[in-house]
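If you read the protein sequences in the order shown, they are chains L and E. Heads up, the first sequence is in numbering that gives the first Met the number 0, so the first residue is 0 and it goes up one at a time. Heads up, the second sequence is in numbering that gives the first Met the number 0, so the first residue is 0 and it goes up one at a time.
Certain hints may be false.
[As the list claims (entries may be wrong)] The calculated lysine to any residue pairs, modelled on SDA-like cross-linking and capped at a C-alpha distance of 25 Å, are: (1) K4/E x G24/L; (2) K4/L x Q60/L; (3) K49/E x K59/E; (4) K40/E x E73/E; (5) K4/L x P83/E; (6) K59/E x Q23/E; (7) K10/E x K49/E; (8) K40/E x I71/L; (9) K40/L x K49/E; (10) K22/E x F1/E; (11) K40/L x I7/E; (12) K59/E x I71/L; (13) K40/L x Q60/E; (14) K40/E x K49/L; (15) K4/E x F76/E; (16) K40/L x I7/L; (17) K59/L x Q23/E; (18) K49/L x I71/L; (19) K10/E x E80/L.
It is worth saying that the hints were derived from the structure and are not from the lab.
2 protein chains.
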Amino acid sequence: MFLAKVYISLKPMVNDPQGLTIKQGLHTLGFAQVSSVRAGKYLEIQLDAKDQLNAAAQVKQMSNQLLANPVIEEFRFELEEIPP
Amino acid sequence: MFLAKVYISLKPMVNDPQGLTIKQGLHTLGFAQVSSVRAGKYLEIQLDAKDQLNAAAQVKQMSNQLLANPVIEEFRFELEEIPP
Chain L
0 MFLAKVYISL
10 KPMVNDPQGL
20 TIKQGLHTLG
30 FAQVSSVRAG
40 KYLEIQLDAK
50 DQLNAAAQVK
60 QMSNQLLANP
70 VIEEFRFELE
80 EIPP
Chain E
0 MFLAKVYISL
10 KPMVNDPQGL
20 TIKQGLHTLG
30 FAQVSSVRAG
40 KYLEIQLDAK
50 DQLNAAAQVK
60 QMSNQLLANP
70 VIEEFRFELE
80 EIPP
């Protein structure tokens, strides 16, 4: 059993209204030293796979097919083996 | 200048309809080996601070005040120094 931690964020050139809104919220709360906020998604996925290589291939395929929008988003992930 | 990577996820006991929906979507696409999906948020925040300790204190305060809902969510973060 593997645990994949998938981080999905907008590509640097893509406009991020959610991040801008969070930044304004932080400024309103007094955190004036914040210069940029980018918002993304974080997923923890448990999956069965015969080895780490196979698990990585599956997570990559899932991310491209469903989890991320490859046109505007990029993703990275970490894998760790967990007891079943 | 520091870059904080903040990971916000629902506490383990909290129901996660978004994660369940993603799991069902993955099953529909043929990824039957996925047993659990938990959805969360991922934020990249650039901020000015005089040192790493001060930056960490700020990010913790921001997370508790605005970024995460401490009742149902938990957060963790990483800090790295970046050139201004």
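Hints and how they fare:
1. K4/E x G24/L: Given that 25 Å is the threshold and the Cα spacing comes to 18 Å, the pair holds.
2. K4/L x Q60/L: Distance of about 14 Å is within 25 Å: holds.
3. K49/E x K59/E: holds (16 Å)
4. K40/E x E73/E: holds (11 Å)
5. K4/L x P83/E: The given pair, whose Cα atoms are some 29 Å apart, is violated under the 25 Å limit.
6. K59/E x Q23/E: violated (34 Å)
7. K10/E x K49/E: violated (32 Å)
8. K40/E x I71/L: holds (17 Å)
9. K40/L x K49/E: At roughly 29 Å apart (the allowed maximum being 25 Å), K49/E and K40/L break the hint.
10. K22/E x F1/E: Not satisfied, since the Cα-Cα distance of roughly 35 Å exceeds 25 Å.
11. K40/L x I7/E: holds (9 Å)
12. K59/E x I71/L: Since the Cα atoms of K59/E and I71/L sit roughly 29 Å apart, the hinted pair is violated (cutoff 25 Å).
13. K40/L x Q60/E: holds (21 Å)
14. K40/E x K49/L: Violated: K40/E and K49/L sit about 29 Å apart, past 25 Å.
15. K4/E x F76/E: holds (5 Å)
16. K40/L x I7/L: Distance ~5 Å between K40/L and I7/L Cα, so the pair holds.
17. K59/L x Q23/E: It holds: about 18 Å lies between the C-alpha atoms, which stays within 25 Å.
18. K49/L x I71/L: violated (32 Å)
19. K10/E x E80/L: Answer holds: K10/E to E80/L is near 21 Å, not above 25 Å.
In this structure, the hints that do not hold are numbers 5, 6, 7, 9, 10, 12, 14 and 18, in rising order.
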